[in-house]
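Chemist: The residues making up each chain are set out below.
Number of protein chains: 2
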Amino acid sequence: MTTNEKSYKQKAVVLLSGGIDSTTTLAIAQKIGFTTYGLSFRYGQRHEIELKSAANIARNYSVAKHLIVDIDLRLIGGSALTGNIDVPKSRSVSEMGKDIPVTYVPARNTIFLSYALAWAEVIGSSDIFIGVNALDYSGYPDCRPEYITAYEKMANLATKSGVEGNQQLKIHTPLIKMSKADIICQGIELGVDYSLTHSCYDPSSEGLACGACDSCLLRLKGFQEAGVSDPIKYKG
Amino acid sequence: MTTNEKSYKQKAVVLLSGGIDSTTTLAIAQKIGFTTYGLSFRYGQRHEIELKSAANIARNYSVAKHLIVDIDLRLIGGSALTGNIDVPKSRSVSEMGKDIPVTYVPARNTIFLSYALAWAEVIGSSDIFIGVNALDYSGYPDCRPEYITAYEKMANLATKSGVEGNQQLKIHTPLIKMSKADIICQGIELGVDYSLTHSCYDPSSEGLACGACDSCLLRLKGFQEAGVSDPIKYKG
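As given, the protein sequences belong to chains A and B, one line each in that order.
Numbering-wise, the first sequence is residues 203 to 438 according to our numbering.
Numbering-wise, the second sequence is residues 203 to 438 according to our numbering.
Chain A with its partners taken away, still in its complex shape:
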């Protein structure tokens, strides 16, 4: 899960939601020297507007290709992000880490990584980047380091290269031990333009962030702790 810092021109698939974490991850993958392939999902999320941000970021970073895959997770249900459950508002950040939140989407990262695995195999890449981090894995089971390790092991048995043994697939998680403030500081160092990103789970119809959902609160706290002002607009 660590990332070799030397420069080489290999292809990498980068999961790109359009938020702070995935955008910073994309910047890191490019800095290392990978030719990047951005992968996003229209999964029935109520904040589908994040895909506009993902597309702008993909363009901004001149990724080799940006794929938006349609997978309607509303059919499966079970989450505030894809269903009729209300997105919780104005919780304290300390409260967030206690339980798995209702915004958890069952097996979402497993599904996302599976598409990344398929695409990596097709384009001849053995590197997948995902922006999971310590903040996430306090709440979401599929962001924990032990999950990523198990996924990597499974992935290496799932594919042609696993059988032929000619390359080992690697899941890169460069942010895994970082706080939101660390991530923002690193991104700013890399020149990331955070005005392009979207984080809110429950934006207004014009796409303005609510400023009160878990994702907005973590974002605002991250910018505050990093000592940087958040360049996006909030409603009200």
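These aren't lab readings, by the way, just hints derived from the structure by calculation.
One or more hints might be untrue.
It does not matter which identical chain is meant; a pair holds if it fits inside one copy or across any two.
Unchecked claim - Once the Cα atoms are required to be at most 27 Å apart in a straight line, the calculated DSSO-like pairs of lysine-lysine come out as: (1) Lys379 - Lys362; (2) Lys379 - Lys211; (3) Lys211 - Lys233; (4) Lys362 - Lys291.
Treat the numbers as computed from the prediction; the structure is a model and nothing was measured.
Please build the complex by placing chain B on the supplied structure of chain A, with the hints as guidance.
Modeler: Same frame as chain A, but now just chain B:
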């Protein structure tokens, strides 16, 4: 991966393609006593007609629910089953096991199992059935027992139940060591109506099996070795 034979009324998600293996697997899951939830995929397969068979079989077995999920793997590509690569015809069965065939769909089982995992979590099931078997894993990497074991381990770290530790997810592969003939014999014992199933990778527009693709040849050989006549129609 073994299946406890005692009878209980738990829910199980069964991957159902409409072929011999998944139909027999469904019959086995029901025989054990599971309340079954059938899961199929419209993934851009050229033999989309198999979904008609899957729906008929789901009805025939009165599954609690049958979900057909749309996931267009053509965007990702890399397979004769979803792209413009020709489906190989009239190969000898011994030839098939040597390499990973062009009909291999990158990471397909990983993607399918990931949806099954999501659905299982939502309906409160800790049992997933998949009809992989020895014949498959001679050619497809994501049918091998070690892959299934690794998937199960990853899945138990991916979900709420993995965190809360209240139930262990199990991937059941009741056919894993069986030949096609064994599977057919077992299915007939369980009263499976194989006239409802579809196996051909390259059917005619009326849905008739070609009789020459790998899948047809393995099916025909299986029925022959089981000493039973295949109840479906072939073209020509």
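Chemist: Would you mind marking each hint as holding or not holding in the structure?
Modeler: Here is what the structure says about each hint:
| no. | hint | in the structure |
| --- | --- | --- |
| 1 | Lys379 - Lys362 | between (31 Å within a copy, 21 Å between copies) |
| 2 | Lys379 - Lys211 | within (26 Å within a copy, 42 Å between copies) |
| 3 | Lys211 - Lys233 | within (11 Å within a copy, 54 Å between copies) |
| 4 | Lys362 - Lys291 | between (45 Å within a copy, 22 Å between copies) |
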